[in-house]
Amino acid sequence: MPGSQQVWLANGTGVTTSAAQTQEFTAGSTLIQGQPVYVSGVYVLPASAASGVASEQYNVVGITAESATTGNPVSVNVDDIAVISPINITAEGSLIPGQYYYLSKYAGQITRYSTTSGTVTGASGFAAAVCVGQAFSSSELHVEIDQPVVLYP
Amino acid sequence: MAITSFRAGEAISAGQAVYVASTGLIYKASALTQDQASVVGIAIDSGVAGDLLRVNSDAIYTEYSGLTPGDLQYLSATTSGQVVPYDVWASGYNLTVSGCCLEVIGRAVSSSGLAIELGKPNFVVK
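Residue numbers (the numbering used here), protein chains in the order written: chain A, 204 to 356; chain B, 103 to 228.
The following block holds chain A by itself, in its conformation from the complex:
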């Protein structure tokens, strides 16, 4: 409507909503911002794709949006732009824009497919290849979590 004409919904007032892209969980351990995490019950813990881990550990639910200590609420980014610090990245000091990133075999980290630390393969100690998103800048990851692809040595 032009000008300042208010329009009211038949079943309520002019409420706007937007789809949520973060979810609140309880930290199952000390977490830092930017860590990939998996959910176990109501708790989230650092995710890992290392060989031998239980499969729940590489079912990434999102990237932590903040730091938290055990037992406290933590917001997890499930489908948004996540800030990633160097400590969250395996073998490299920053993200490379345009590159896809995977869950690392080191808990709470992400990695490119191939780095000096190895490749995301069974032979390099990975249980699964889990793409978690694409770098939009040297510190920002567009979170888009794929289903795990189980790997065999």
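In short, the hints are calculated from the structure, not lab data.
For every residue, glycine included, the Cβ atom is placed at its ideal position computed from N, Cα and C.
Please note that the accuracy of each hint is not assured.
Said to hold, decoys possible - Have a look at the derived ranges for each label pair, beta carbon to beta carbon:
1. A:322 to B:109: 28 to 38 angstroms
2. A:255 to B:147: 44 to 54 angstroms
3. B:187 to A:289: 34 to 44 angstroms
4. B:201 to A:229: 43 to 53 angstroms
5. B:192 to A:289: 39 to 49 angstroms
6. A:278 to B:201: 41 to 51 angstroms
7. A:273 to B:192: 52 to 62 angstroms
8. B:150 to A:232: 40 to 50 angstroms
9. A:290 to B:125: 18 to 28 angstroms
10. B:201 to A:232: 38 to 48 angstroms
11. A:352 to B:174: 15 to 25 angstroms
12. B:172 to A:227: 30 to 40 angstroms
Add chain B to chain A, keeping to what the hints say.
Just chain B now, with coordinates in the frame of chain A:
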């Protein structure tokens, strides 16, 4: 977040698929290499090199025309930045010498709307 701002590395038109280079600049996506086919979204704005442009990465882009609702759309095999249905991609693939990437951009929800759901490029060898 579905809308992100990037700085253009070349002239880009609204509606074109773009990729982000290691420099952080965006360019029109190309199906010839996996890096250049790693689409980050559809440009909302037109601009020239150096301009800040908004890019739609994960929402419905509504400025196309002639789409068939329900059809998947792909990065063109022959024209940088262009979004095409599968039969057009396949025709372009046949013109390549050694193959090119098949990159899903999204699914048409109307004649003008594309629900962007980016795939990962798969290089199809000839």
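Verification of the supplied hints:
As the Cβ distance of residue 322 of chain A to residue 109 of chain B is approximately 32 angstroms, the hint placing it in 28 to 38 angstroms holds. Distance hint check for residue 255 of chain A and residue 147 of chain B: the Cβ-Cβ separation is about 48 angstroms, which falls inside the suggested range of 44 to 54 angstroms. Evaluation of the 34 to 44 angstroms hint for residue 187 of chain B and residue 289 of chain A yields a pass: the beta carbon distance comes to about 42 angstroms. Roughly 49 angstroms separates the CB atoms of residue 201 of chain B and residue 229 of chain A, a value that falls within the hinted 43 to 53 angstroms.
In this structure, residue 192 of chain B and residue 289 of chain A meet the distance hint of 39 to 49 angstroms, their C-beta atoms being roughly 43 angstroms apart. The supplied range of 41 to 51 angstroms is met by residue 278 of chain A and residue 201 of chain B, whose beta-carbon atoms lie about 43 angstroms from each other. Between residue 273 of chain A and residue 192 of chain B the beta carbons are some 54 angstroms apart, a value that agrees with the proposed interval 52 to 62 angstroms. Here the CB-CB span from residue 150 of chain B to residue 232 of chain A is close to 49 angstroms, well matched to the stated 40 to 50 angstroms.
Between residue 290 of chain A and residue 125 of chain B the C-beta distance comes to about 24 angstroms, which sits within the given range of 18 to 28 angstroms. For residue 201 of chain B paired with residue 232 of chain A, a C-beta distance near 46 angstroms keeps the hint of 38 to 48 angstroms intact. In this structure, residue 352 of chain A and residue 174 of chain B meet the distance hint of 15 to 25 angstroms, their C-beta atoms being roughly 22 angstroms apart. Between residue 172 of chain B and residue 227 of chain A the CB atoms are about 36 angstroms apart, so this pair conforms to the stated range of 30 to 40 angstroms.
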